[in-house]
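Heads up: the protein sequence lines correspond to chains W and U, in order. Going by the numbering used here, 219 is the number at position 219 of the first sequence; the sequence numbering is gapless. Going by the numbering used here, 115 is the number at position 115 of the second sequence; the sequence numbering is gapless.
Hints listed in this document are in silico derivations from the structure and should not be mistaken for laboratory results. Since the model is a prediction, treat every value here as computed from it, not as a measurement. Be a bit skeptical, because a hint or two may be false.
Calculated pairs, PhoX-like style, for lysine-lysine (alpha carbon to alpha carbon, straight line, at most 25 Å) [what the hints assert, rightly or not]:
#1 U:Lys337 x W:Lys92
#2 W:Lys57 x U:Lys337
#3 U:Lys367 x W:Lys400
#4 U:Lys57 x W:Lys337
#5 U:Lys381 x W:Lys57
#6 U:Lys400 x W:Lys367
#7 U:Lys26 x U:Lys400
Number of protein chains: 2
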Amino acid sequence: MKIIEGGVTAAKGFQAAATAAEIKYKGRTDMAMIYSEVPCVAAGTFTTNVVKAAPVKWDQNVVYNRSHAQAVVCNSGIANACTGAEGYGYCKETADMTAEVLGIPSDSVLVASTGVIGMQIPIDRITNGVKAMAPKLSDTIEAGTEAAKAIMTTDTVKKEVAVQVEIGGKTVTIGGMCKGSGMIHPNMCTMLGFVTTDACISKEMLQAALSENVKDTYNMVSVDGDTSTNDTVLLLANGLAGNPEITEKGADFDTFLEALNYINTCLSKKIAGDGEGATALFEVKIIGAETKEQAVTLSKSVVTSSLTKAAIYGHDANWGRILCAMGYSGAQFDPEKVDLYFESRAGKIKIIENGVSTGYSEEEATKILSEDEVTAIADIKMGTATATAWGCDLTYDYIKINADYRS
Amino acid sequence: MKIIEGGVTAAKGFQAAATAAEIKYKGRTDMAMIYSEVPCVAAGTFTTNVVKAAPVKWDQNVVYNRSHAQAVVCNSGIANACTGAEGYGYCKETADMTAEVLGIPSDSVLVASTGVIGMQIPIDRITNGVKAMAPKLSDTIEAGTEAAKAIMTTDTVKKEVAVQVEIGGKTVTIGGMCKGSGMIHPNMCTMLGFVTTDACISKEMLQAALSENVKDTYNMVSVDGDTSTNDTVLLLANGLAGNPEITEKGADFDTFLEALNYINTCLSKKIAGDGEGATALFEVKIIGAETKEQAVTLSKSVVTSSLTKAAIYGHDANWGRILCAMGYSGAQFDPEKVDLYFESRAGKIKIIENGVSTGYSEEEATKILSEDEVTAIADIKMGTATATAWGCDLTYDYIKINADYRS
């Protein structure tokens with residue numbers, strides 16, 4: 001696998017564009033378009049929140065009920081959530097305008113929104129934005145980067161990545177971009193991911209790959225435990241790499257999955273590390289678990305614990321909070337068998353052995369925890385299953401971003 | 001029901017004392033003792049955390065396997081959690097010394113600790129504290145108050161309450177104290193509650209009353225979603241009120257339960273309102289639910305949402321976050337039927353009707369949310385079940401308390 005430059009325009013036949021439609025922000029781009037020169041099979045995963053935004057409902061219909069998709073239109077600023085029939089109607093108007101300017105079917109257009117909940121989108125500005133983007137579509141790396149910037153809310157960095165693998169003697173490229181975890185206005189709590197590939201793969205296997213992989217990647221990220229109404233990951237495959245079509249599990253599927261896993265893991269860590277107000281990416285690995293499910297439950301409980309997150313911000317080797325969070329997770333284990341380590345660029349240290357302190361050096365632990373990427377590893381000595389979750393520290397800026405919106 | 005002054009010494013035959021044992025703090029009391037002149041039947045509810053502190057294990061044995069209890073000894077500063085066999089041995093030494101100085105059986109002594117996890121308690125200071133408290137035991141209101149102060153960690157106010165009811169022609173008193181939600185040192189995340197009554201009630205009915213009632217009171221409180229290793233509520237009944245013994249459900253049991261519910265609700269709200277760094281008590285009521293379980297799930301999801309808690313701190317009528325938190329709770333409901341209100345001393349306002357904004361006045365909403373006790377009421381229009389959860393806002397001071405322990 002080879003890591004290359006770029007994002008959603010890295011794979012053959014994909015173009016992108018961005019524009020400043022003034023939906024809510026001034027002086028920055030706030031709409032992005034992705035277009036494939038040929039129809040794609042599409043896979044998607046969506047928020048499990050009972051309250052689903054209008055674009056989520058629109059996309060579910062396209063992904064689940066249509067054979068192909070060819071374009072994605074995304075806006076930042078307003079989430080088009082809790083907007084009733086009117087909001088859903090705007091999804092259709094957006095798709096209709098996109099279909100018209102690109103000469104493709106309306107039901108092959110996917111839409112996505114992120115921003116304030118409960119506010120209607122200004123549909124005229126959206127359709128004007130669509131018209132402005134169509135002639136600017138380009139397959140350059142820069143065009144992909146512009147799209148990645150346009151979908152940001154208060155993300156502090158754009159998030160994109162691309163890789164190449166060899167499948168059936170052909171070079172297959174996968175590239176993606178995402179946004180998430182930053183907020184300027186209230187309710188901007190959406191994770192959006194867009195991944196494009198020129199792999200030739202059946203719709204069924206594409207969805208299987210994505211559904212399987214999000215469990216280990218995006219679903220293992222938590223910034224604040226609040227699952228958005230808009231969360232969406234879309235994966236488009238246009239087949240232009242010319243590899244023999246992947247229609248079943250096997251070596252080719254595994255190669256594709258490995259590349260997809262790299263893209264999604266990379267984007268997931270970018271979201272966690274750029275969490276609201278975060279100063280550090282916090283990774284939690286559970287090893288020696290009896291089952292994968294147990295490892296997932298334990299790692300997620302630790303990564304979402306407010307007390308643990310505040311301790312990470314304080315560079316404090318506060319292992320009691322980690323053991324406590326594992327204890328209330330709902331998973332069973334023997335606290336008196338747990339070994340716990342902290343690890344970062346600055347080194348690795350064993351903090352507890354069989355549930356009690358090793359008498360470690362607080363100074364050394366603080367040094368390790370002062371890096372901007374820190375990992376806690378808990379070995380529960382029950383088996384061989386593992387899981388990794390990603391989050392961030394809990395800081396003053398998280399409160400500032402989420403409480404002070406009127407200031 | 002009559003609300004009276006006092007706490008754990010309000011009921012007949014109960015005495016209390018406190019002392020400064022210098023377990024971890026200097027210049028303040030840090031041990032408390034409760035003693036009943038006659039043996040009590042005892043009920044208890046304990047943390048569900050897999051990681052249980054030594055005193056929790058000790059008390060579970062006394063409450064579940066012994067017929068009576070007569071004293072409680074509690075220290076603040078060190079939690080005696082994750083301390084292995086050594087820590088459990090210290091519980092026994094504490095109980096043995098208490099038994100010796102009070103002339104009661106060792107297995108009728110309950111112990112409780114709150115403070116830092118993973119550190120051994122200085123047992124000599126504990127046993128010296130026990131010896132110092134025994135001669136100071138007193139049944140005055142002041143003695144109860146001193147005990148309530150000694151168990152505080154960074155609670156900013158002592159928490160006690162007492163009521164009287166009439167049962168079988170006799171005046172029955174219930175009084176209680178608790179601590180929780182304040183932190184000075186890391187890992188101090190323990191809720192402890194001690195309730196005493198002179199009611200004559202069987203051990204079985206006492207436990208039934210407590211187990212039933214904690215579901216609606218302490219278990220509906222969340223400051224940060226972190227369930228402690230030490231959480232304990234103990235209820236002692238010594239029978240000195242002389243009412244006919246309550247041995248089954250019926251009018252007398254209901255009267256007792258009503259009084260107990262008042263005590264526990266009052267103490268629960270005191271904990272929530274004094275949450276770490278809190279500026280406001282945040283109450284969430286779900287009404288119109290199909291089942292109690294559904295209402296509980298929804299109310300707890302809202303009260304623990306970091307985004308919602310930060311919005312309450314900002315006095316921001318951020319209803320999208322509340323609907324979002326209901327949506328990811330795991331409970332099913334129709335978002336497009338929800339009505340939502342905010343209420344406080346300053347008034348009541350309808351924010352959304354059938355899932356969309358009522359076009360309410362932001363100014364009026366902010367005025368209502370600027371009080372130090374605010375309530376969100378969501379009507380999901382599916383039935384008649386209700387639930388109320390209590391929490392607090394999420395503030396800069398929460399981060400300060402939990403991250404800056406080295407400063």
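Cross-check of the supplied hints:
no., hint, result
1, U:Lys337 x W:Lys92, "holds (24 Å)"
2, W:Lys57 x U:Lys337, "holds (18 Å)"
3, U:Lys367 x W:Lys400, "holds (20 Å)"
4, U:Lys57 x W:Lys337, "holds (18 Å)"
5, U:Lys381 x W:Lys57, "holds (24 Å)"
6, U:Lys400 x W:Lys367, "holds (20 Å)"
7, U:Lys26 x U:Lys400, "holds (22 Å)"
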